[in-house]
Amino acid sequence: MTAPTMTAPQLALARNAAEAALAVLPTSRALTAADPVVPNAATVIEGQAITARFTGAASGEVVVVVGQDLADALRESPLGELDLTAAVRPALEAAARVFGPVVLDPGQLMEPEVALSALAAKEGAVAVPLRDEADIRAVIALALSQWPNDDPSAVDVAQRAAPGRMAGGGRGGLDMLHDVEMEVSAELGRTRMSVRELLSLTPGAIVELDRAAGSPADLLVNGRLIARGEVVVVDENFGIRITEIVAPGTERV
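Counting in this note's numbering, the sequence shown runs from 1 upward without gaps.
Honestly, the hints are just simulated from the structure, not real lab data.
Just so you know, not all the hints are guaranteed correct.
Here are the in silico distance ranges between beta carbons for each label pair [unchecked claim]:
id	residue 1	residue 2	range
1	72	196	42 to 48 angstroms
2	246	194	28 to 34 angstroms
3	202	57	52 to 58 angstroms
4	236	195	33 to 39 angstroms
Remember, predicted model here, so these are calculated numbers, not experimental data.
For each residue, glycine too, the CB sits at the ideal point set by N, CA and C.
Using the sequences and the accompanying hints, generate a full structural model.
Shown next as structure tokens:
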């Protein structure tokens, strides 16, 4: 794998970006950042790639390729199927922000070969493989159209060293999903109405629900029931005081 044509400080910043991403990347193995290389077939692994553009102190594109194990873990989570892009976004942001304050676009899911091939066509593209003892398990790649300085200094590199968890501090099981944000909602009850009844609703109308007064409300994560509790008021907002954690597969009543 050929090393990219960049100055030593630029290569150091690229590696720092990879280590910053690794510090918040959900992983099931202990990984370490290898030397930066040009994105090519050797850096393509089985899994999914998430690519995003960023602008600000620097501008360019960052790609995070994760192994199939993470994609499968998100798909088969006990809380239901989780969003891979949301799970990996903290790593995308961490890599981009090594170069200074930036704004990241929402990002999109792509096949690893397509994402890395598109990046490799850009000038100065660099990939940092993340390895365990056996093989490449993830890849952080980027291409900058505008560097934070024309010639980043060694001081810049030192000040932007990767923060957080040390590379190689892998996580396993549900711990690898802890940074994923979920949609949480509370439900007081349900009812069924005809179209005629719905169209006749006016301000002040009362809709009777299938839940007795004083019954606990349901707490749902991505539409899946996980707990029940009583409605409370916190300052000027409603809240739920949890009274019961329900077993997986429990139906709403």
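How the hints compare with the structure:
no.: 1; hint: 72 x 196: 42 to 48 angstroms; verdict: holds (47 angstroms)
no.: 2; hint: 246 x 194: 28 to 34 angstroms; verdict: holds (31 angstroms)
no.: 3; hint: 202 x 57: 52 to 58 angstroms; verdict: holds (54 angstroms)
no.: 4; hint: 236 x 195: 33 to 39 angstroms; verdict: holds (36 angstroms)
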